[in-house]
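Note that the sequence shown covers residues 1 to 200 in full-length UniProt numbering.
The hints are simulated quantities; they were obtained by calculation from the structure and are not laboratory data. Fair warning: there could be bad hints in the mix.
Here are the simulated lysine to aspartate or glutamate pairs, DMTMM-like style, with alpha carbons at most 25 Å apart [what the hints assert, rightly or not]:
| no. | residue 1 | residue 2 |
| --- | --- | --- |
| 1 | Lys171 | Glu101 |
| 2 | Lys171 | Glu121 |
| 3 | Lys10 | Glu81 |
| 4 | Lys159 | Glu81 |
| 5 | Lys171 | Glu181 |
| 6 | Lys127 | Asp146 |
| 7 | Lys69 | Asp141 |
| 8 | Lys180 | Asp170 |
| 9 | Lys159 | Asp77 |
| 10 | Lys69 | Glu101 |
| 11 | Lys127 | Asp99 |
| 12 | Lys171 | Asp84 |
| 13 | Lys171 | Asp146 |
| 14 | Lys69 | Asp146 |
| 15 | Lys10 | Glu189 |
| 16 | Lys159 | Asp84 |
| 17 | Lys127 | Glu81 |
| 18 | Lys69 | Glu121 |
| 19 | Lys158 | Asp170 |
| 20 | Lys159 | Glu147 |
| 21 | Lys171 | Glu55 |
| 22 | Lys159 | Glu189 |
| 23 | Lys171 | Asp5 |
| 24 | Lys159 | Asp141 |
| 25 | Lys159 | Glu55 |
| 26 | Lys180 | Glu76 |
| 27 | Lys159 | Asp63 |
| 28 | Lys66 | Glu55 |
| 29 | Lys171 | Glu76 |
| 30 | Lys66 | Glu155 |
| 31 | Lys127 | Glu101 |
| 32 | Lys127 | Glu155 |
| 33 | Lys180 | Glu155 |
| 34 | Lys158 | Glu147 |
| 35 | Lys10 | Glu155 |
| 36 | Lys10 | Glu76 |
| 37 | Lys158 | Asp63 |
| 38 | Lys171 | Glu147 |
| 39 | Lys66 | Glu121 |
None of the values given here were measured: they were computed from a predicted structure.
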Amino acid sequence: MKNNDLILQKLSKSYHGQVVFSDLSLALSPGNAYCLMAPSGTGKTTLFRILMGLETPDSGTIDGLKNLKISAVFQEDQLLEGYDVLTNLRFVCRQRLSDAELSAYAATLLPQNALSQPVCEFSGGMKRRLSLLRALLVPFDLLILDEPFNGLDSENRKKAAALVRNRAQDKILLFAAHTKEDAALLGAEILCPFDSYCSV
Numbered sequence: 001m002k003n004n005d006l007i008l009q010k011l012s013k014s015y016h017g018q019v020v021f022s023d024l025s026l027a028l029s030p031g032n033a034y035c036l037m038a039p040s041g042t043g044k045t046t047l048f049r050i051l052m053g054l055e056t057p058d059s060g061t062i063d064g065l066k067n068l069k070i071s072a073v074f075q076e077d078q079l080l081e082g083y084d085v086l087t088n089l090r091f092v093c094r095q096r097l098s099d100a101e102l103s104a105y106a107a108t109l110l111p112q113n114a115l116s117q118p119v120c121e122f123s124g125g126m127k128r129r130l131s132l133l134r135a136l137l138v139p140f141d142l143l144i145l146d147e148p149f150n151g152l153d154s155e156n157r158k159k160a161a162a163l164v165r166n167r168a169q170d171k172i173l174l175f176a177a178h179t180k181e182d183a184a185l186l187g188a189e190i191l192c193p194f195d196s197y198c199s200v
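Modelling step: build the complete structure from the supplied sequences, incorporating the hints.
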């Protein structure tokens, strides 16, 4: 174990007597990408919520989390629907970036003519790309992505994956996906901590 590793040991979580997962252990290191691969309902999102402090485990320990800055993309896009792209980016941006700088950044994943549109007019795939742009603009040590490429076609998956790899190259990247192709796009190690649900 390195000093900056994130270590999960024997985590268990239940809801109303229903076990979500038990004795889950992981060791995550900066500079590496990890893909949790398991069917829906096996505990991936619950684990993410625990790491983000939104849930507490019933038992087990997490070492190395206390001082980590975390950024995340949830399954549901958490966007300011009535506002345009730059307003959404400025909402999370702590850096003093000009409109031109933010526009150039947004244009890596979104068409230029969409930047002034309200987000409520976006397709699901465009909202997903904006969610990724927002998450990657925030300073982070741990990046959590819950099915980050949902709604994206092959070309946009590749563009999004390239941006994620660039921004998270020396960080811990932990994400959920259903396909080995998504794991490969991010150069991720596939983890199967949820009992026997994984087939790689």
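Worksheet item: Which hint numbers doesn't this structure obey?
Response: 2, 3, 12, 18, 25, 27, 30, 35, 36, 37, 39
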